[in-house]
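Fit chain B to the supplied structure of chain A, relying on the hints for placement.
First to last, the protein sequences are chains A and B. Each position in the first sequence, counted from 1, maps to that position plus 665 in this note's numbering. Each position in the second sequence, counted from 1, maps to that position plus 665 in this note's numbering.
Source of the hints: derived by calculation from the structure; they are not laboratory data. These numbers come from a predicted model, not from an experiment. It is possible that part of the hints are untrue.
[Unchecked claim] Think about it this way: if two alpha-carbon atoms lie no more than 25 Å apart in a straight line, the pair counts; the simulated DMTMM-like pairs of lysine to aspartate or glutamate are:
hint: 1; chain 1: A; residue 1: LYS695; chain 2: B; residue 2: GLU887
hint: 2; chain 1: B; residue 1: LYS884; chain 2: A; residue 2: GLU693
hint: 3; chain 1: B; residue 1: LYS695; chain 2: A; residue 2: ASP922
hint: 4; chain 1: B; residue 1: LYS884; chain 2: A; residue 2: ASP667
hint: 5; chain 1: B; residue 1: LYS695; chain 2: A; residue 2: ASP888
hint: 6; chain 1: A; residue 1: LYS884; chain 2: B; residue 2: ASP888
hint: 7; chain 1: B; residue 1: LYS882; chain 2: B; residue 2: GLU956
hint: 8; chain 1: A; residue 1: LYS884; chain 2: B; residue 2: ASP843
hint: 9; chain 1: B; residue 1: LYS884; chain 2: A; residue 2: ASP843
hint: 10; chain 1: A; residue 1: LYS695; chain 2: B; residue 2: GLU872
hint: 11; chain 1: B; residue 1: LYS695; chain 2: A; residue 2: GLU887
hint: 12; chain 1: A; residue 1: LYS695; chain 2: B; residue 2: GLU889
hint: 13; chain 1: B; residue 1: LYS799; chain 2: B; residue 2: GLU872
hint: 14; chain 1: A; residue 1: LYS695; chain 2: B; residue 2: ASP888
hint: 15; chain 1: A; residue 1: LYS884; chain 2: B; residue 2: GLU887
hint: 16; chain 1: A; residue 1: LYS884; chain 2: A; residue 2: GLU693
hint: 17; chain 1: A; residue 1: LYS799; chain 2: A; residue 2: ASP922
hint: 18; chain 1: B; residue 1: LYS882; chain 2: A; residue 2: ASP843
hint: 19; chain 1: A; residue 1: LYS881; chain 2: A; residue 2: GLU846
hint: 20; chain 1: A; residue 1: LYS882; chain 2: B; residue 2: ASP843
hint: 21; chain 1: A; residue 1: LYS759; chain 2: A; residue 2: ASP667
hint: 22; chain 1: B; residue 1: LYS695; chain 2: A; residue 2: GLU889
hint: 23; chain 1: B; residue 1: LYS953; chain 2: B; residue 2: GLU815
hint: 24; chain 1: A; residue 1: LYS670; chain 2: A; residue 2: ASP812
[To be verified] Chain A residues, not near chain B, derived (Cβ > 10 Å throughout):
hint: 25; residue: GLY702
hint: 26; residue: LEU709
hint: 27; residue: LEU786
hint: 28; residue: GLU815
hint: 29; residue: ALA867
hint: 30; residue: LYS882
hint: 31; residue: PRO911
For each residue, glycine too, the CB sits at the ideal point set by N, CA and C.
The chain contents come next:
Protein chains: 2
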Amino acid sequence: MDSIKSVVIVGGTHGNELTGVHLLRRWEQKPQEINRGSFVTETLLANPRAHAMNCRYIDQDLNRQFAIQDLANVTLPGYEQNRAKAINQLIGPKQDPARDFIIDLHTTTANMGITIVINSLNPIVKRAAVYVQKTVPNVTLFYQEVDRMEDNFMISIGRIGGLIIEVGPVAQGCLRADIFEATRVATNAVLDYLHLANIGKAPELPETASGFQFVKKVKMPEDEQGNLVGMIHPNVQDRDFQPLNPGDPLFLLQNGDTVFYQDEPGLCPAFVNEAAYYDQHHGLSLLKHIEFEV
Amino acid sequence: MDSIKSVVIVGGTHGNELTGVHLLRRWEQKPQEINRGSFVTETLLANPRAHAMNCRYIDQDLNRQFAIQDLANVTLPGYEQNRAKAINQLIGPKQDPARDFIIDLHTTTANMGITIVINSLNPIVKRAAVYVQKTVPNVTLFYQEVDRMEDNFMISIGRIGGLIIEVGPVAQGCLRADIFEATRVATNAVLDYLHLANIGKAPELPETASGFQFVKKVKMPEDEQGNLVGMIHPNVQDRDFQPLNPGDPLFLLQNGDTVFYQDEPGLCPAFVNEAAYYDQHHGLSLLKHIEFEV
Numbered sequence: 666m667d668s669i670k671s672v673v674i675v676g677g678t679h680g681n682e683l684t685g686v687h688l689l690r691r692w693e694q695k696p697q698e699i700n701r702g703s704f705v706t707e708t709l710l711a712n713p714r715a716h717a718m719n720c721r722y723i724d725q726d727l728n729r730q731f732a733i734q735d736l737a738n739v740t741l742p743g744y745e746q747n748r749a750k751a752i753n754q755l756i757g758p759k760q761d762p763a764r765d766f767i768i769d770l771h772t773t774t775a776n777m778g779i780t781i782v783i784n785s786l787n788p789i790v791k792r793a794a795v796y797v798q799k800t801v802p803n804v805t806l807f808y809q810e811v812d813r814m815e816d817n818f819m820i821s822i823g824r825i826g827g828l829i830i831e832v833g834p835v836a837q838g839c840l841r842a843d844i845f846e847a848t849r850v851a852t853n854a855v856l857d858y859l860h861l862a863n864i865g866k867a868p869e870l871p872e873t874a875s876g877f878q879f880v881k882k883v884k885m886p887e888d889e890q891g892n893l894v895g896m897i898h899p900n901v902q903d904r905d906f907q908p909l910n911p912g913d914p915l916f917l918l919q920n921g922d923t924v925f926y927q928d929e930p931g932l933c934p935a936f937v938n939e940a941a942y943y944d945q946h947h948g949l950s951l952l953k954h955i956e957f958e959v
Numbered sequence: 666m667d668s669i670k671s672v673v674i675v676g677g678t679h680g681n682e683l684t685g686v687h688l689l690r691r692w693e694q695k696p697q698e699i700n701r702g703s704f705v706t707e708t709l710l711a712n713p714r715a716h717a718m719n720c721r722y723i724d725q726d727l728n729r730q731f732a733i734q735d736l737a738n739v740t741l742p743g744y745e746q747n748r749a750k751a752i753n754q755l756i757g758p759k760q761d762p763a764r765d766f767i768i769d770l771h772t773t774t775a776n777m778g779i780t781i782v783i784n785s786l787n788p789i790v791k792r793a794a795v796y797v798q799k800t801v802p803n804v805t806l807f808y809q810e811v812d813r814m815e816d817n818f819m820i821s822i823g824r825i826g827g828l829i830i831e832v833g834p835v836a837q838g839c840l841r842a843d844i845f846e847a848t849r850v851a852t853n854a855v856l857d858y859l860h861l862a863n864i865g866k867a868p869e870l871p872e873t874a875s876g877f878q879f880v881k882k883v884k885m886p887e888d889e890q891g892n893l894v895g896m897i898h899p900n901v902q903d904r905d906f907q908p909l910n911p912g913d914p915l916f917l918l919q920n921g922d923t924v925f926y927q928d929e930p931g932l933c934p935a936f937v938n939e940a941a942y943y944d945q946h947h948g949l950s951l952l953k954h955i956e957f958e959v
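Isolated chain A, as found in the complex:
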């Protein structure tokens, strides 16, 4: 199996998600916490301008700017389109990366606890995530089989990829000590696994793991002019990962009426009432439960 020589912990990919940014500051003071004997750990504030402005991004979502053709296209004008190239210069280049593994720290306004997003076929990535789930309470796995070269996420420019640690609920532009601590513990568990794997002491893990796969985003109710006229129903608010069945309440309209779930039985909502979804009037994502090979 590949050995890991270098890890980059990324914070502030979305500028108003403060937890990662402030964890980086902690680790500037306490580098020993993220060092492991068998690899070098670095940190990166990914979107310093969006962080300074306390917004998610300046021009585009930075976490969608790492497609190979976009990294090659120097005519793209946006701040994040160019920032991605600078980051690719440091961590990548994507075709032959200088750094091995990326841990990208995010937060959500949804009540999702710790969610680990794995866009990877690589067994080290999958096993690191399963190890976190095994050793840290309240961890959910999001698994997409995506080839690294086909992906446009930040984590796709590491040599073997990486994973996203997404923790909530916390408001944009806010720090919460509980979310900060959960993110810190989950990050350290990833580093622990990579080190144990490097030195040949990786613990036994089950051959398959339970997780969720993205199905689709669901729009909130709009009127004919495209104005938002509803919100998440109280029965769904804060209940990420609880299965929905046809006839369950889904949205509450401003006028007091209820909109019911009419989709496939048993899909589970996530990113319920995520603030970053409002620009497109999305209310939540729907996921299906899966078992995947580790």
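Leaving out everything else, chain B in the frame of chain A:
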């Protein structure tokens, strides 16, 4: 006692506090809900541009732009400094207002339930707030004795002033059905009281009420360069209005150390971890418990 002929319900004074904005849309569809026989009720989206940008304000906090000298000063260049004059033209002029009573709808990221802010000496304003507290669960009163002509809040341009209904916790840029409903119920209770007072059927209220008075804002920990290096301690997070005593944990530093409360015994925190406080690195306000004459 003065009778009320006109009420204005204001939403979106802060553009990313969505609850008030969406309640206004509800009431466009259901005007009968906010009509009462003895006065006219209107609605106003106060800061449409900040709302369109999903930010608190464009140039300045709109809710500090209603000082009499600022309303008179046409050299002030900011969007909110000019928007305040437009609103004063509709509701005021402050010296001799066309509208009697303002209900200004706000939200907070802090766990404050329903807080009614009363900057007034006027008995109708105070009694309306006490009536809400008597008839709606989980209502706290903030009371400042401020002469209407000395105040710079939106509510100061109504003939007898008005009150702020501030509800949380909800993230900026998000709607929550529970917060929407609490704000709706509290607003209707204010309208009910004004109507009952108008028709001579105001219920008996106690001669004094319990509430809180603002003492000061408290800065979060900073390093020598002025960077934020701490956050609200978990013992204080979500515990608005619970008294603090010297030696109680107050902030948790990024390095894991605790900063202890060293102020006057018994002061109570509010706006704990309010996202809008971060620009000045404030972590919370401290209040003292008071009894005031109604």
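For each hint, the structure was consulted:
1. A/LYS695 <-> B/GLU887: Holds, at roughly 17 Å.
2. B/LYS884 <-> A/GLU693: It holds: about 23 Å lies between the C-alpha atoms, which stays within 25 Å.
3. B/LYS695 <-> A/ASP922: Status holds; Cα separation ~13 Å.
4. B/LYS884 <-> A/ASP667: 48 Å, violated
5. B/LYS695 <-> A/ASP888: Answer holds: B/LYS695 to A/ASP888 is near 15 Å, not above 25 Å.
6. A/LYS884 <-> B/ASP888: 43 Å, violated
7. B/LYS882 <-> B/GLU956: 21 Å, holds
8. A/LYS884 <-> B/ASP843: 20 Å, holds
9. B/LYS884 <-> A/ASP843: 20 Å, holds
10. A/LYS695 <-> B/GLU872: Answer violated: A/LYS695 to B/GLU872 is near 57 Å, above 25 Å.
11. B/LYS695 <-> A/GLU887: 17 Å, holds
12. A/LYS695 <-> B/GLU889: 18 Å, holds
13. B/LYS799 <-> B/GLU872: It holds: about 13 Å lies between the C-alpha atoms, which stays within 25 Å.
14. A/LYS695 <-> B/ASP888: 15 Å, holds
15. A/LYS884 <-> B/GLU887: Answer violated: A/LYS884 to B/GLU887 is near 41 Å, above 25 Å.
16. A/LYS884 <-> A/GLU693: Given that 25 Å is the threshold and the Cα spacing comes to 41 Å, the pair is violated.
17. A/LYS799 <-> A/ASP922: Status violated; Cα separation ~42 Å.
18. B/LYS882 <-> A/ASP843: 23 Å, holds
19. A/LYS881 <-> A/GLU846: 30 Å, violated
20. A/LYS882 <-> B/ASP843: 23 Å, holds
21. A/LYS759 <-> A/ASP667: 17 Å, holds
22. B/LYS695 <-> A/GLU889: 18 Å, holds
23. B/LYS953 <-> B/GLU815: Distance of about 22 Å is within 25 Å: holds.
24. A/LYS670 <-> A/ASP812: 21 Å, holds
25. GLY702: Non-interface label stands for A/GLY702: nearest chain B Cβ at 23 Å, farther than 10 Å.
26. LEU709: 17 Å, holds
27. LEU786: 35 Å, holds
28. GLU815: At roughly 32 Å from the nearest Cβ of chain B, A/GLU815 sits farther out than 10 Å, so the non-interface label holds.
29. ALA867: 29 Å, holds
30. LYS882: Consistent with the label, A/LYS882 stays out of reach of chain B, its closest Cβ about 16 Å off (over 10 Å).
31. PRO911: 21 Å, holds
The structure fails hints 4, 6, 10, 15, 16, 17 and 19 (numbered hints given earlier, in ascending order).
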